[in-house]
Amino acid sequence: MIANLYLHTDSFLYNGSDTFEEFSSKFQKFVSDLSVMKVEKDENIIYVTERFCVVNIFEDKTIFDLAVSLQTEEKNLLYSILGNTSQECDFSLDQLKSKCKYQEDESECHSIIIFNAPNTTTHSDQNYINFDEYEIVYNKSSWIYLRRQILGNHPQEANHFIEECKKYFPSLFFHDNNKEVVGKYLKYIPRKIIYYLSCLNDCFLNFRHSYENRENTNNMLRDFASRYNMDDEASLQGNPSKRVDLIYKFPRKKDASLKEIHCEPHLKINKYDDNYKKKKTDDEDKFCARIYFHFGDPEIKENIILIGSIGPHI
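Numbering (this note's numbering), first residue to last: 21 to 334.
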């Protein structure tokens, strides 16, 4: 889906809250995202407001003042996008915010890029990703966050969904089995699936490594699900006889030979998406799903979570 991305004067205006180190981190992330957007230019159209290039984005410096610190390739990329590739727009920030709301029948989406968020903006683990307003907020989110929003709102069919997941969840490795089992859930809980995968991709490994009692896996899984406001407690498989059904073969990185992996930990989805209009004929089987995964195996990939099944309760 095409994303129309807006660099607005008011969303880049310096708000006085960043240190130079914080600004530098955001700026590098922004430039890195621009390089991806340019490669994917058929799906990403950039719009710039008239006075964007003269607004102070850090202290008394404009984006061109700050571009001198970039590597030559990055600098040329920025000049190319702002000077040649982008299109002009004259929307006010309020008009843009209205334009960037999710519409069920949208054929393309609109997103504000917010470099300097208002100081009143807050972020909660309880609402890790929002699907009703398209936006990229630095340093909270990135271009990948927007593409996840789009995928949660417009999942299409199972093969497309999993192939897109492979692009936008770089810390997850998806077994091909997912294409066989996820399809029937994409009408009812695509947002929930993307939300859960985002929490796994972005937060789980750090959460696990910092957990005080890592040996108590069930408690750790339970607390992870609670922290990110999931539908139910995450857990290990409680029925030992079912463990054989949770074996998935993943290719070893050294020679592509297959290794059997038990994807026993699982996250639980028990409720339909907040934007799905439940029908009286709906039964729980349509939206009660499980994400079975493994913490990772260095023979497969370093620091990568293995996703065995996004599908029915096993």
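Hints should not be assumed to be uniformly reliable.
[Unchecked claim] In silico DSS-like links for lysine-lysine, alpha-carbon gap of 25 Å or less:
1) 160 - 199
2) 288 - 298
3) 298 - 186
4) 207 - 269
5) 58 - 199
6) 58 - 262
7) 58 - 95
8) 291 - 269
9) 186 - 119
10) 186 - 49
11) 187 - 274
12) 119 - 204
13) 288 - 262
14) 207 - 95
15) 187 - 207
16) 61 - 81
17) 121 - 291
18) 199 - 273
19) 273 - 187
20) 279 - 291
21) 186 - 297
22) 160 - 81
23) 119 - 274
24) 269 - 199
I should point out that these hints are in silico values taken from the structure, not numbers from a laboratory.
Checked hints:
no., hint, in the structure
1, 160 - 199, "30 Å, violated"
2, 288 - 298, "19 Å, holds"
3, 298 - 186, "29 Å, violated"
4, 207 - 269, "28 Å, violated"
5, 58 - 199, "29 Å, violated"
6, 58 - 262, "47 Å, violated"
7, 58 - 95, "14 Å, holds"
8, 291 - 269, "30 Å, violated"
9, 186 - 119, "29 Å, violated"
10, 186 - 49, "21 Å, holds"
11, 187 - 274, "22 Å, holds"
12, 119 - 204, "31 Å, violated"
13, 288 - 262, "16 Å, holds"
14, 207 - 95, "43 Å, violated"
15, 187 - 207, "21 Å, holds"
16, 61 - 81, "28 Å, violated"
17, 121 - 291, "23 Å, holds"
18, 199 - 273, "22 Å, holds"
19, 273 - 187, "19 Å, holds"
20, 279 - 291, "34 Å, violated"
21, 186 - 297, "29 Å, violated"
22, 160 - 81, "22 Å, holds"
23, 119 - 274, "48 Å, violated"
24, 269 - 199, "15 Å, holds"
Hint violations for this structure: numbers 1, 3, 4, 5, 6, 8, 9, 12, 14, 16, 20, 21 and 23, all remaining hints satisfied.
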